[in-house]
Structure formats: C-alpha cells, structure tokens
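Q: Model the placement of chain W on the given structure of chain B, informed by the hints.
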Amino acid sequence: DPKIIQKPKYLVAVTGSEKILICEQYLGHNAMYWYRQSAKKPLEFMFSYSYQKLMDNQTASSRFQPQSSKKNHLDLQITALKPDDSATYFCASSQNTLYFGAGTRLSVL
Amino acid sequence: GQQVQQSPASLVLQEGENAELQCNFSTSLNSMQWFYQRPGGSLVSLFYNPSGTKHSGRLTSTTVIKERRSSLHISSSQTTDSGTYLCALDPYTGYQNFYFGKGTSLTVIP
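Chains as they are written, first to last, in my numbering: chain B, 1 to 109; chain W, 1 to 110.
Isolated chain B, as found in the complex (with noise of 0.2 Å):
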C-alpha cells in the first residue's frame, strides 16, 4: 500500500485557474516536500517543511503556496496556472531516509 498518497494523478487545467494537489502522508515523518519535474529539466526541489513550518522556499513565484492543514498532510496551492507549469509534482516526506509519492502529472493548456 502506498504510504504517501497524491492526488489526483493526473490533471488538466486552462491557463488562468487555479489547482490544488493534495499529498498525505502515513509514515509518521515530520518532514514532507514539493519537488517538481518537469519533461526537459531534472528534479527540482520546491518546498520543505518540517513540524507543519516552512523550512525552505526555493520557488521563484508567489503562485505555489503549501497548505499544511494537519502534520501528515502538505498540500499545493497553484494559482494563475501558466503552461510553463506544465510538470510532475512529488510530495515526498522523511525521518532520515526520503520517499516520494506517485506524482501528480499536471497539464496546463
């Protein structure tokens, strides 16, 4: 069974909206992360948190903003979706060893 769960899988958005991508996850850790990867760029870190508090920012744009509603939950909050963001995001969580979720492929047209 899958300990760190995203959802949707996939998504289609139109340029202009607004998308929220859902990660929880059922280790335990208290470290949890955005990376993104999009088709031509390696994996790119984003966002840690650690105890629900923002660690580390690495994301140019004031459009990504994380929701940490509960301590296993880490959510992504895109608004005035481009194409450029066009990618797949991994939530990942950590005690020492780092693991990632499935992804969420997300398409903006």
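Computed spacing ranges between beta-carbons, pair by pair:
hint, chain 1, residue 1, chain 2, residue 2, range
1, B, Asn96, W, Thr53, 16 to 26 Å
2, W, Ser28, B, Gln95, 19 to 29 Å
3, B, Tyr10, W, Gly52, 33 to 43 Å
4, B, Gly16, W, Gly40, 23 to 33 Å
By construction, these hints were calculated from the structure, which means they are not laboratory data.
Every residue gets a Cβ at the ideal spot worked out from N, C-alpha and C, and that includes glycine.
A: Leaving out everything else, chain W in the frame of chain B:
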C-alpha cells in the same frame, strides 16, 4: 542541482556489463541517498548511505565523505535496470533537506 554533480549524464551498456555511476558534492554532507526512476515513474529509494559501503543484490553504494563523492555500482546489468539514477544530498543545515543531481540515464540493451 549546483551542489550535486552526477556523471556520466547518460550511459549505454550491453546486458551483463557493469556500470559505475558517480555523484560529487561541493558542500558538507549529512546524508546521501540514491534513487531509481523509470520514465514517467516515481522515485524508488535504492540506498540511504551517509558513509561507507552498502550492498543490495547487484547494487553497491559507496560514500566517501572526505572525498565528497558517492558512487553506485551496478554489476551484471539487465535490461530492467534501464532508467534514470539520481543521487540526493542532504547537507547539514540544521534540518533535513535534499538536493538532487541531474541524474544518469542508463540504457541496457540485450
């Protein structure tokens, strides 16, 4: 990405050949992890290896902190080993954070 350099960028092997993948880092090291990713797939952890040598089947990971490098050795490669191999560095910053190299794309041909 700038803290972690992986080589080679791509590699093609004949089935049965061995491979040595390198990961060099420019910062202090808290931990090092190796991952495998199929095209379009998620990342699967192969090794959590902050120092020394670890084995798992045909895979061996060696991290030498003083030399700021980690390697992944694949012996007797199989076509199912094809995919991308990534290393991830957790530098010592007071909290865990993982930075990835650009990966090595491995293709094993029969």
